[in-house]
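Given next are the chains, with one letter for each unit.
Number of protein chains: 4
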Amino acid sequence: MDLIGHLINGQLNTDHTRTQPVYNPSTGEHSKNVAIASKTTVEHAIAAAEAAFPEWRDTPVIKRARVMFKFKELLEQNADQICALIGQEHGKIVHDAAGELQRGIENVEYACSAPEFLKGEFSKNVGPSIDSWSEFQPLGVVAGITPFNFPAMVPLWMFPMAIVCGNTFVLKPSEKDPSSTLFIAQLLKEAGLPDGVMNVVNGDKEAVDTLLYDKRVQAVSFVGSTAIAEYIYQTATSTGKRCQALGGAKNHAIVMPDADIDNVVSSLLGAAFGSSGERCMALSVAIAVGDEIADLMISKLSDAIRKLQYGAFSDKTNDFGPVITAQHKAKVVGYIDSAEQQGATIVVDGRNAAPQGYENGFYVGATLIDQVTPDMISYKEEIFGPVLQVMRVKTMQQAMDLIDNHEYGNGTCIYTRDGEAARYFSDHIKVGMVGINVPLPVPVAYHSFGGWKRSLFGDLYAYGPDGARFYTRRKTITQRWPTANVREGAQFSMPTLN
Amino acid sequence: MDLIGHLINGQLNTDHTRTQPVYNPSTGEHSKNVAIASKTTVEHAIAAAEAAFPEWRDTPVIKRARVMFKFKELLEQNADQICALIGQEHGKIVHDAAGELQRGIENVEYACSAPEFLKGEFSKNVGPSIDSWSEFQPLGVVAGITPFNFPAMVPLWMFPMAIVCGNTFVLKPSEKDPSSTLFIAQLLKEAGLPDGVMNVVNGDKEAVDTLLYDKRVQAVSFVGSTAIAEYIYQTATSTGKRCQALGGAKNHAIVMPDADIDNVVSSLLGAAFGSSGERCMALSVAIAVGDEIADLMISKLSDAIRKLQYGAFSDKTNDFGPVITAQHKAKVVGYIDSAEQQGATIVVDGRNAAPQGYENGFYVGATLIDQVTPDMISYKEEIFGPVLQVMRVKTMQQAMDLIDNHEYGNGTCIYTRDGEAARYFSDHIKVGMVGINVPLPVPVAYHSFGGWKRSLFGDLYAYGPDGARFYTRRKTITQRWPTANVREGAQFSMPTLN
Amino acid sequence: MDLIGHLINGQLNTDHTRTQPVYNPSTGEHSKNVAIASKTTVEHAIAAAEAAFPEWRDTPVIKRARVMFKFKELLEQNADQICALIGQEHGKIVHDAAGELQRGIENVEYACSAPEFLKGEFSKNVGPSIDSWSEFQPLGVVAGITPFNFPAMVPLWMFPMAIVCGNTFVLKPSEKDPSSTLFIAQLLKEAGLPDGVMNVVNGDKEAVDTLLYDKRVQAVSFVGSTAIAEYIYQTATSTGKRCQALGGAKNHAIVMPDADIDNVVSSLLGAAFGSSGERCMALSVAIAVGDEIADLMISKLSDAIRKLQYGAFSDKTNDFGPVITAQHKAKVVGYIDSAEQQGATIVVDGRNAAPQGYENGFYVGATLIDQVTPDMISYKEEIFGPVLQVMRVKTMQQAMDLIDNHEYGNGTCIYTRDGEAARYFSDHIKVGMVGINVPLPVPVAYHSFGGWKRSLFGDLYAYGPDGARFYTRRKTITQRWPTANVREGAQFSMPTLN
Amino acid sequence: MDLIGHLINGQLNTDHTRTQPVYNPSTGEHSKNVAIASKTTVEHAIAAAEAAFPEWRDTPVIKRARVMFKFKELLEQNADQICALIGQEHGKIVHDAAGELQRGIENVEYACSAPEFLKGEFSKNVGPSIDSWSEFQPLGVVAGITPFNFPAMVPLWMFPMAIVCGNTFVLKPSEKDPSSTLFIAQLLKEAGLPDGVMNVVNGDKEAVDTLLYDKRVQAVSFVGSTAIAEYIYQTATSTGKRCQALGGAKNHAIVMPDADIDNVVSSLLGAAFGSSGERCMALSVAIAVGDEIADLMISKLSDAIRKLQYGAFSDKTNDFGPVITAQHKAKVVGYIDSAEQQGATIVVDGRNAAPQGYENGFYVGATLIDQVTPDMISYKEEIFGPVLQVMRVKTMQQAMDLIDNHEYGNGTCIYTRDGEAARYFSDHIKVGMVGINVPLPVPVAYHSFGGWKRSLFGDLYAYGPDGARFYTRRKTITQRWPTANVREGAQFSMPTLN
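Chains as they are written, first to last, in UniProt numbering: chain A, 1 to 498; chain B, 1 to 498; chain C, 1 to 498; chain D, 1 to 498.
Among the hints, a few may not be true.
In this list, chains with the same sequence are indistinguishable; a pair is considered to hold if it fits within one copy or across any two.
As the list claims (entries may be wrong) - Below, simulated DSS-like cross-link-like pairs (lysine-lysine); rule was C-alpha separation at most 25 Å, straight line:
(1) K215 <-> K380
(2) K215 <-> K430
(3) K39 <-> K215
(4) K430 <-> K63
(5) K300 <-> K176
(6) K70 <-> K189
(7) K215 <-> K394
Hints in this document: simulated from the structure, not taken from any laboratory.
Work out the full structure, taking the sequences as your base and the hints as a guide.
Structure follows, in structure tokens:
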């Protein structure tokens, strides 16, 4: 059985003290194993990154950017292979994997703008004949720790920006679906990246803690659940690192009475069920303002949901695939059960999902729940499955209060045609990423990704301009040249000749 | 005896459970007491700040900036009064206090640029008819905790930027010299700031911990010693706040063989002994490259140092004044003793300082020590007194290694006429603020202040552009209007008329 | 009779070869005369500006900004005096003059941000050990030529930005109402501006042509009518100067069927009749989409218009005052006549305006005209009087076509509640300044003012970020230090000692 | 014989009323002809560009950027072919052509940053609930007119930036060496650019004037001689277009007594003789400060120059090739003659150049002239040939005065090790592009190219940030939503239910 290993200093290896199974969620099969790095293996990766740093930091930024230009080409050329690897281990349908990869590539494209976004600020004459300017210098060795749900995209939020800024990188991807990540990292070498600048270690808490406690690591970027994000943030900051740790979410849409209902329905389908809802930006709660629009929406949504197809990743006609593991399937089903028990109405029930020929796969069908209330467990926690819950309120303010009172503040959306409602909402809502008639308001790569409240720990967001600031340290230089030594000397040396 | 109190919700009060003495360091007298706030008092201040937030955040930025325009006028009009308060409690000479205040006012001037530096980024057509933009929204209640050595300037690094960004503020200044800070804060009301936006509480660890643990406080800015900075940073980040904590320093100058020696000597005098060396940017170590320049520098410096005058804050002819307390005087003298014991040469000895008529003041005379080595306690630790230590090396690289190996990385300087040496130094040295022939390279207010290594905990620096980023939370809005409802509706409604 | 003169090199003088009358439009009296500068007088002003340039350019930017901080204070302290001078010579009511002055002061406030907006871009390692950065250096002597309708505001668009960027200035204000401009310029001296940096010459075409042809003048900013703007632009550019010349306007509002009609009516009143319509951003054409909204709007507008009060500038209860001259009154009345003759409906007729006690003043009453069509002279040309014309169309596209086909493209506005209509309009309309439910979309001082089509000649707009770019010349420096001379020399000189 | 034609609306055609010969300068052969476009042909190109504009402007910026990503790939893949075409018609050696192409590609790389550099500025709450933002919208049809000396690079300064900003383009390259330009333009189609967005017409003054006078053309970028640049600028601006017209140069280096002489000599060789000196940034005058450094430099330079090899473009061992035409050779030789006649010393004489086997080629050998004075014709005018002239002065100020008094102000350089001299020079010299020990200080693609004085007509420079500003028109939108219609409506509609 294949053993998925590490990439350290430009070399693949499978050092491990133990291994962990990797499944094909579409079939339920245990298909591969992954090597779990020991502390020593992770330290090798850190050492390789540290050794590669001095030369890489001194490489002109345009040359660093050109590695990213080439990397983009290679990602596009190898897209099918990458999407197949994602599908095999994560289960998302190939068209969804292609979408994920495309969003990842957009971060590589933005990294190509490094000569622009790394410019410092120059001030002439801050005092008489004194100039001052800032430089944004790389930090050194930077670590990334990434989740299973976007094995290509989330790593691509991190290392292209970190590397183009002049840092070297150690990535610990999810051990549940590591192959596509490892494959992508290998392309960097072909793109011209020197060995040691990018390293990948597969592992578990031991690897994570090694990264968190090693003094050579200067910064940590993390995406995952809020509990782990909080641990990562507190540990990394207590050991003197800078850290950005992105956690969980509960993303609500407000559906106003004047919403374009066809747009609501069609866009919610993708936002709620795409990738089986295993997205930190999944739109999992729709709050209808008034029963009239609620009833209409429920009616149209339930019709549409029943037409959704799910199944194996390789069949392009599927709308979505399995969830990541059998355990996770059980957890999602448990949330639906609890909602039912707490009084919600299961309008469309996806609990008994077993597509023909894939009965052992980890499937949950698209589920629509009405009459959800704030006290329900299924509302308070992040389900991370293909479950859309509907709440009913009477005023827009009630809808906004629900959102503002929730623990998470990642994304949100309002459906309306009214300029004033949209502006009031986007101004006041306590959420970091706001959509106006856009249910998945993931910022494009040239803006930055980050939630509010317990969805993000740290000052600076992922990728985009904030990514550049996160991966660099400001240095301010103040310069004065004391005497006109050579200038006047030249003059003094020849006075009689003039 | 005067009891210095708090400013909460626009009102002065002297709530306290206990008090602490405030001294006049020039005379050694116990001149006033300061009220030490209980947890309850601090919570009142936080509550006032929280109540003032919603209206202040919605105040147009230009109106917030205009409070700062007016505040600048008032600071200038009240400069003499402020400088006198600084001198009475801190001991720095009035011209030095005026310099401190001026640097503080520069931050108010920069805060007046808020309409410019708070601009978000707008992207048209991130997708077909989809626009996206960022807004930098205020955080809410923000706290500042500031040190004794700059009772006016350091608070002015913080609250003008925080407030102009739309936050409300609770400041806990140093309890050693709180009067000038409190006076300054009162001017804000006269400048038109609504009550509750700016609050001051005097206190000790109880006040600090209340600020660190209260959920309503969103961010903490701190300047002080490294040990406390680290505590503040770890505590604040563990309770979900953003934090920037600036700590100690050991700032070295490299004196190259081609340096303009007269500039070296005259500029080092101010940089080492100004404000009795009680500055986190004080230049406390001069590394001479080669014995020739070392000997010349020692000779010229010792002549110059012997001419320096120190004494009471109110006499403008003095170059510097006392240190802050009797305990601190003992500590500084102890460092000089230890250097002597560890083999250094005390070239000019300031230990027996007792200016006539001020024999009870907390004075240490300007001290020059030669032959300092890296193992000495006086080198490893921050002295924070009027002591300049000289080290001798043979190459520029050795000098740079000394600097890079020191725990702190706040400021540094090179004296040279040579462009290449300056550029190599500023590029590679692991220090956040670099001077080229400028021994106190404090960035101007429109750049940002921050050291590297254990001189700063956090991602973003104090004041300037980083200050604006620190005191705001990014919100990204993605907008699409789904149908041409009114636009086409207008057309459809009158087809027969056309 | 008072003779209004010039300000050259810090001195007032009344040099002239001829004079011109200045009127009080409220009463029709010839109240003062203005000295008309000869070529020689203008050349003196240019010479003064040129002489003052080298020292002013080298003055640190924060010191230049501080002159603006002080200037703002003085403008506020002298506001009543300035507004009275505006009223006496221009005729606008004191509250309107106060509004004008306030908009002008906002440009002074923005000029205080110069340390921020003048920052150049610094790039480290554009090649190995090669750095490159840009500096925005001042041009030298810059000229401004300004119109009668905003004697305070339009000059304040120009010289604060030009001067804070390090230029010196020669202003030729309108000879119709020069007193407030001259008064304002004098305050700069009190604000600390060195003599010669700011100069004012009153004059006519001879003065203008002297500025346009003099080789020492580096740039010209102009605001006035399109015919003159075009002449200024072609002449200035043909003599090697940079130039921005703002001309005429015909600003349309589209009133959609879903518009908030009360907002439409109340905001149109000010936008059409404020300052007697003598504003390049006056909203002079309202296009109703559909007869229903047209009829409603006409009905409400005509009621409201009849309640408007006009009269002498000094009576605060007046809504607007006279037009600038008897000739201009005749011209405005002529446009109303022509509209009537060409078939439009005069709904409210302001032609016979003669407020009691001010029968000789130059008054035109608020006029509302319905059924205006694109072929009418009153539509094709800029009226610059208190005349609002209404057009009726059936679709939004027809309204947009009218706007896009007009010669001018300064400002425009749409009244709607619908997000999609607003976004489509602002995206596609060929006009530089677009309002959404804002009839006078003058950009705030930290954005830039400029129209499209024949409303502006030049690349860069007035004030704001474009103003900074217009008043500076880019210099790009590329730096490489060839050998480690001193750095290695220091090393070589002492090898045996190590 | 090949007839080089046009690219209009995605199709090659050879429409012409007349043709003009194209030579192979290395051999002197008439190798091809070029079709000279009539007014009608140019108008077809403009019409194609205008038709393609609406769709291209609405294409999301990232999609426009992706055409540039692909275009970069194609330019790299076709580099040999492009360099061969350059060599055949221009004569520059293949390695020099490769350098030219590389600098051109860098502009394509920068164009890929468009999502970053096209961001507008967003201001929240410019008034209560009023927002304002700027958009940088494309102009429409833009024209470029480019010179023979960089047939690949100079067009690449223009059209990638113009096109990525959303404009459509008509390029008129030099008729002397049009093939490489045409080839490059064709690659854009393969890169995915829609037909009509990029068009190329070959022609002469008729084509130029058609572009200048056609109302549909919104802007013109020009690079060439100053006489033509001035004509282009005056004509284009008089017809209401924005224009940037880059003209001639006379670039001086100051060689200070402390210069690193080996760096001086080696870098001057390339800067003076590379591409036979046919570069607007060629370093054609070296001013030595003091006879000592002058004599040393002359001695070392003359030795080095005698080792330079010149000959046919295809031989990589050559340092430079022929000049562009027989006429141009005669002109260059004439300048050397005139210098000799006016008293200069011809140290190395390149007038009788006739490499074996290429006797009919248009060669001038590397020429070094000493004792040049400001009154000489060879000093006053731009030679545009492989001629380096040396002047001798006694002080740095004299050297700076020479530079400042020259008509042109494109590039300049100082050779020194001294920080103060370099800073004084770069601050005060009246030249747009300044090198410190860098003799060809061409700004990198992420900065902007532009000279001062009569080297550039226009406000905004070529490529980089200024290029983006030049190719876009600012639009400022101010938005207020008047009533909480839907928001409160939703509330009002259901009061009894709550």
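Checked hints:
no.: 1; hint: K215 <-> K380; verdict: between (37 Å within a copy, 20 Å between copies)
no.: 2; hint: K215 <-> K430; verdict: between (36 Å within a copy, 16 Å between copies)
no.: 3; hint: K39 <-> K215; verdict: within (14 Å within a copy, 36 Å between copies)
no.: 4; hint: K430 <-> K63; verdict: between (41 Å within a copy, 24 Å between copies)
no.: 5; hint: K300 <-> K176; verdict: neither (36 Å within a copy, 67 Å between copies)
no.: 6; hint: K70 <-> K189; verdict: both (10 Å within a copy, 21 Å between copies)
no.: 7; hint: K215 <-> K394; verdict: neither (54 Å within a copy, 30 Å between copies)
When the structure is compared with the earlier hints, violations turn up for hints 5, 7 and for no others.
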